[in-house]
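Q: Letter by letter, the chains look like this.
2 protein chains.
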Amino acid sequence: MKENYEKYVTTMRKIADIDNAAVLLGWDKEVNMPPKGAAFRSQQIATLAGISHEMFLEKDFVSNLKKLEANKQKLSLKARRNVEITSKKQNRSNKLSTEFVMESSKAISEGYHAWLKAREQKDYGVFKKAFRKLVDLKKEECELVGYDNHPYEALMDQFEPGAKVADLDILFADVKKQLIRFTKKIATYPQVDNSFLKKKYPHQKQWDFGLEILKRIGYDFDAGRQDISPHPFTTNFAPSDVRVTTRIDERNFGSMTWSCIHEGGHALYEQGLPPQEYGLPSGLAVSLGIHESQSRLWENNVGRSLPFWEANLPLAKKYFGANLKGVGAVKFFKAINKVHPSLIRVESDELYYHFHILIRYEIEKGLIEGTYSVDNLNEVWNEKYKEYLGVKVPNDLKGILQDIHWAYGSIGYFPTYSLGSFYAAQFYAKAKKDIRGLEKQIAAGDSSQLLAWLRENVHRHGSTYSAAKLCKKITGEELNFKYFMSYARKKYKAIYDM
Amino acid sequence: MKENYEKYVTTMRKIADIDNAAVLLGWDKEVNMPPKGAAFRSQQIATLAGISHEMFLEKDFVSNLKKLEANKQKLSLKARRNVEITSKKQNRSNKLSTEFVMESSKAISEGYHAWLKAREQKDYGVFKKAFRKLVDLKKEECELVGYDNHPYEALMDQFEPGAKVADLDILFADVKKQLIRFTKKIATYPQVDNSFLKKKYPHQKQWDFGLEILKRIGYDFDAGRQDISPHPFTTNFAPSDVRVTTRIDERNFGSMTWSCIHEGGHALYEQGLPPQEYGLPSGLAVSLGIHESQSRLWENNVGRSLPFWEANLPLAKKYFGANLKGVGAVKFFKAINKVHPSLIRVESDELYYHFHILIRYEIEKGLIEGTYSVDNLNEVWNEKYKEYLGVKVPNDLKGILQDIHWAYGSIGYFPTYSLGSFYAAQFYAKAKKDIRGLEKQIAAGDSSQLLAWLRENVHRHGSTYSAAKLCKKITGEELNFKYFMSYARKKYKAIYDM
Numbered sequence: 001m002k003e004n005y006e007k008y009v010t011t012m013r014k015i016a017d018i019d020n021a022a023v024l025l026g027w028d029k030e031v032n033m034p035p036k037g038a039a040f041r042s043q044q045i046a047t048l049a050g051i052s053h054e055m056f057l058e059k060d061f062v063s064n065l066k067k068l069e070a071n072k073q074k075l076s077l078k079a080r081r082n083v084e085i086t087s088k089k090q091n092r093s094n095k096l097s098t099e100f101v102m103e104s105s106k107a108i109s110e111g112y113h114a115w116l117k118a119r120e121q122k123d124y125g126v127f128k129k130a131f132r133k134l135v136d137l138k139k140e141e142c143e144l145v146g147y148d149n150h151p152y153e154a155l156m157d158q159f160e161p162g163a164k165v166a167d168l169d170i171l172f173a174d175v176k177k178q179l180i181r182f183t184k185k186i187a188t189y190p191q192v193d194n195s196f197l198k199k200k201y202p203h204q205k206q207w208d209f210g211l212e213i214l215k216r217i218g219y220d221f222d223a224g225r226q227d228i229s230p231h232p233f234t235t236n237f238a239p240s241d242v243r244v245t246t247r248i249d250e251r252n253f254g255s256m257t258w259s260c261i262h263e264g265g266h267a268l269y270e271q272g273l274p275p276q277e278y279g280l281p282s283g284l285a286v287s288l289g290i291h292e293s294q295s296r297l298w299e300n301n302v303g304r305s306l307p308f309w310e311a312n313l314p315l316a317k318k319y320f321g322a323n324l325k326g327v328g329a330v331k332f333f334k335a336i337n338k339v340h341p342s343l344i345r346v347e348s349d350e351l352y353y354h355f356h357i358l359i360r361y362e363i364e365k366g367l368i369e370g371t372y373s374v375d376n377l378n379e380v381w382n383e384k385y386k387e388y389l390g391v392k393v394p395n396d397l398k399g400i401l402q403d404i405h406w407a408y409g410s411i412g413y414f415p416t417y418s419l420g421s422f423y424a425a426q427f428y429a430k431a432k433k434d435i436r437g438l439e440k441q442i443a444a445g446d447s448s449q450l451l452a453w454l455r456e457n458v459h460r461h462g463s464t465y466s467a468a469k470l471c472k473k474i475t476g477e478e479l480n481f482k483y484f485m486s487y488a489r490k491k492y493k494a495i496y497d498m
Numbered sequence: 001m002k003e004n005y006e007k008y009v010t011t012m013r014k015i016a017d018i019d020n021a022a023v024l025l026g027w028d029k030e031v032n033m034p035p036k037g038a039a040f041r042s043q044q045i046a047t048l049a050g051i052s053h054e055m056f057l058e059k060d061f062v063s064n065l066k067k068l069e070a071n072k073q074k075l076s077l078k079a080r081r082n083v084e085i086t087s088k089k090q091n092r093s094n095k096l097s098t099e100f101v102m103e104s105s106k107a108i109s110e111g112y113h114a115w116l117k118a119r120e121q122k123d124y125g126v127f128k129k130a131f132r133k134l135v136d137l138k139k140e141e142c143e144l145v146g147y148d149n150h151p152y153e154a155l156m157d158q159f160e161p162g163a164k165v166a167d168l169d170i171l172f173a174d175v176k177k178q179l180i181r182f183t184k185k186i187a188t189y190p191q192v193d194n195s196f197l198k199k200k201y202p203h204q205k206q207w208d209f210g211l212e213i214l215k216r217i218g219y220d221f222d223a224g225r226q227d228i229s230p231h232p233f234t235t236n237f238a239p240s241d242v243r244v245t246t247r248i249d250e251r252n253f254g255s256m257t258w259s260c261i262h263e264g265g266h267a268l269y270e271q272g273l274p275p276q277e278y279g280l281p282s283g284l285a286v287s288l289g290i291h292e293s294q295s296r297l298w299e300n301n302v303g304r305s306l307p308f309w310e311a312n313l314p315l316a317k318k319y320f321g322a323n324l325k326g327v328g329a330v331k332f333f334k335a336i337n338k339v340h341p342s343l344i345r346v347e348s349d350e351l352y353y354h355f356h357i358l359i360r361y362e363i364e365k366g367l368i369e370g371t372y373s374v375d376n377l378n379e380v381w382n383e384k385y386k387e388y389l390g391v392k393v394p395n396d397l398k399g400i401l402q403d404i405h406w407a408y409g410s411i412g413y414f415p416t417y418s419l420g421s422f423y424a425a426q427f428y429a430k431a432k433k434d435i436r437g438l439e440k441q442i443a444a445g446d447s448s449q450l451l452a453w454l455r456e457n458v459h460r461h462g463s464t465y466s467a468a469k470l471c472k473k474i475t476g477e478e479l480n481f482k483y484f485m486s487y488a489r490k491k492y493k494a495i496y497d498m
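From first to last, the protein sequence lines stand for chains S and V. Residue numbers are given in the numbering used here: position 379 of the first sequence equals residue 379, and the series is strictly consecutive. Residue numbers are given in the numbering used here: position 347 of the second sequence equals residue 347, and the series is strictly consecutive.
Heads up, some of the hints might be wrong.
Note that the list lumps identical chains together, so a pair holds whenever it fits in one copy or between two copies.
[Claimed, not checked] Below, simulated EDC-like cross-link-like pairs (lysine to aspartate or glutamate); rule was C-alpha separation at most 16 angstroms, straight line:
id: 1; residue 1: LYS36; residue 2: ASP220
id: 2; residue 1: LYS36; residue 2: ASP222
id: 3; residue 1: LYS185; residue 2: GLU477
id: 4; residue 1: LYS29; residue 2: ASP222
id: 5; residue 1: LYS139; residue 2: GLU103
id: 6; residue 1: LYS338; residue 2: ASP497
id: 7; residue 1: LYS318; residue 2: ASP208
id: 8; residue 1: LYS482; residue 2: ASP375
id: 9; residue 1: LYS117; residue 2: GLU383
id: 10; residue 1: LYS493; residue 2: ASP446
id: 11; residue 1: LYS176; residue 2: GLU369
id: 12; residue 1: LYS338; residue 2: GLU30
id: 13; residue 1: LYS184; residue 2: ASP497
In case anyone wonders, no lab produced these hints; they're calculated from the structure. Nothing here was measured: the structure is a model prediction, and the numbers come from that model.
Chain S on its own, in the form it takes in the complex (with noise of 0.2 angstroms):
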């Protein structure tokens, strides 16, 4: 089996270096492709994607990975999990036919489209035809692709390998029960002043500021680079170039900074991923929620922590010695951390902000049953605005279309983001008693165990383990939302002075 495992890494590296071109294509085209370059890069990344695919599904391959399938009790405990994995990828990819995945991509390209005319015109109907033909896709793909308990599974599986909707529903159900409750709680107590963030804070200023904040995480510029983009996104070609992106806002000091350290999270991971097990599974993150669960550790435990603050509001200081007079770490604490219900899920705190995924879940979850329908699912989502937040949808633009992933054909990604949170407050737990005095030592701009702990627990595994082996590796417990609760509890009692 030896030969065939090697057989096998050698294709699975091939296929990684021409996916990690298309996607330096594709960070290109963000960073600093020339406008008309668009058309052939388009092209040139088809291209790579289409040679990619092939090689995946290529006959000797394939029937290597199946002898590999077969013996897999003679392989080691990492190579096994990485010709599951695959083999798995293969499945999927084989239950789909050409014609099939035509059709989707067709109409991934006419939903993009008609989403883009429906926000022109903040009107749901435009959008409606085309989301309709995509949702029956979907529908369809659940079925060719099968599934264990709930046709939502198939979907889910691409972002988040072994989700059960089982489990997130009482994931979510705790959302309803204590999140609302907690919030609702929030509301009743004055709300903290932010104003001073809103100042102006000059583009420069907050460049170099950002790139501050990136080394003091532990960001490795030796291994990356950030540049600006529109939507700001973490890219790799290897663990030793994961590069990140942000945007700046002169109005708004935290669209930077938290952008930063929330990528500088999905970055970190990158770079400490295991560079030897390079193109296989165990090189690679093992799903979105666990990514997300680093990228969240760094933006909200961390990154709006007070003890974070009390390192490095001195530097922002430096920068913006003028807008920042007079205010002190609780101050700043408390303005970063203002809860306060919002129509927009990416502007959103870090509490409300489940609220919006889980609106999301249940319309996904509804659409792909059948219990909703795509015909009037803007009054849907419009009446659990209302329900969960308390808000009034003023129109489309601002509701259901305010998110791109459906127009993209991605049902079953949102999930991840409040796995995300929910991951990363159960780790933080762990790190904390793990590491003796860590709050302290990020107090005193030290986060070096911190990075270290999870470079031994998360990052260095790359797929080994499920993100649910993982959690449990990790916690000696499930994912529990528990964990969140009582971070959000202990975090917002301070600071509304409840």
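On the provided structure of chain S, position chain V as indicated by the hints.
A: Relative to chain S, chain V alone:
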């Protein structure tokens, strides 16, 4: 044949997509990549190169091309040329065994490292052994590939298809006879003053000025961009995305300015190639000599002319007023064209430049013929510099070790630099005949008719005509050194008041 030709085109475009992706990986490596990214990046580029190579020599593609070649009289002129050029390239590839190619790669890698080490120690002796291996392999390559008259042609052919030693001997005999006499004569006249070009020209202002100049010569920033890199270069992924780089030396006005115009000239060619011929020879530059004719025409014939600076000196003064106070267009024109022998090729003026190439041409030809030996080549080098330029080479770093080409196994490349200048002079003479009042237009800041003339006569043809045929088609005669000499005589008589 129509179906066969379409099949050929489809594969050629796929190959181009892969090659262009690899080119982006290379560009990014020079411009953006963090240092630790190097190892995986090299592997990714190698994987793409391997896939492209396999596709180019794939059985069905080869047999289809053979069919086309056998029936080429049924194809259009353009299609026939495409098939011929592709077949020729394929034949060359087939003549070199995988072992030979791998041995060459290894020799190049070792050559490059030996060269770096030799440069450190300023000692050609350190490079000798690796260089001998490279030269031996190149000699073997000539025999494997085959040639009509002279083995050196087998090497030149990769860079300047169809170039003949007999023709180059005539050109370089003219260089020797006419240009040595002319530069010796210039040396008897009082030298021009260019001291104001060595004042401090601040980085940011140079950057902004360079962008303006690029715009003024017609470079399309919607289909390209400029970045900084240690060695300026032009790269392209399609005619709609052609990028240039430049370098900035604050103590040298010229370094950035003419590198911008030079690379801009290359880029105008690439931006002018027909996008509908993407991936085919008819959509690619015909030869390095013709490519260099475009960069040098803009750099020297236009960019170091009096009319160009009548138009653009005011812009330069806008940025560098203090440095250029009291400098008129004529004084400026003289200063930027100062003729003096130098040791370093890339620092040379446009006349002595050709002695640098002449020497390399004589040495390369001699090495391949066997009339020169690697053993004492630095002595040969130094003697020739004494004889043709009248300069004493103080050490090998400023002598035979100055260029990277040989260390990279590029033998047969250097002559294309001189060919570029000679083609440029001949083309520009014809352009001046064809475009009424061209120099007046340029003096008024308008080079659009010149660009349109180049688009029409050079760019749009891609490789549809060979370099020799293109020259004849445009100018009515073969490449002739007299155009360069007459351009040089007229220009430098004015500069040196001869």
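Q: Give a verdict on every hint.
A: Tested hints:
| no. | hint | result |
| --- | --- | --- |
| 1 | LYS36 - ASP220 | between (33 angstroms within a copy, 10 angstroms between copies) |
| 2 | LYS36 - ASP222 | between (31 angstroms within a copy, 6 angstroms between copies) |
| 3 | LYS185 - GLU477 | neither (30 angstroms within a copy, 90 angstroms between copies) |
| 4 | LYS29 - ASP222 | between (22 angstroms within a copy, 13 angstroms between copies) |
| 5 | LYS139 - GLU103 | within (14 angstroms within a copy, 55 angstroms between copies) |
| 6 | LYS338 - ASP497 | within (13 angstroms within a copy, 77 angstroms between copies) |
| 7 | LYS318 - ASP208 | within (11 angstroms within a copy, 30 angstroms between copies) |
| 8 | LYS482 - ASP375 | neither (37 angstroms within a copy, 78 angstroms between copies) |
| 9 | LYS117 - GLU383 | neither (24 angstroms within a copy, 73 angstroms between copies) |
| 10 | LYS493 - ASP446 | neither (26 angstroms within a copy, 70 angstroms between copies) |
| 11 | LYS176 - GLU369 | neither (21 angstroms within a copy, 85 angstroms between copies) |
| 12 | LYS338 - GLU30 | neither (32 angstroms within a copy, 44 angstroms between copies) |
| 13 | LYS184 - ASP497 | within (15 angstroms within a copy, 89 angstroms between copies) |
Violated hints for the displayed structure, listed by number in ascending order: 3, 8, 9, 10, 11, 12.
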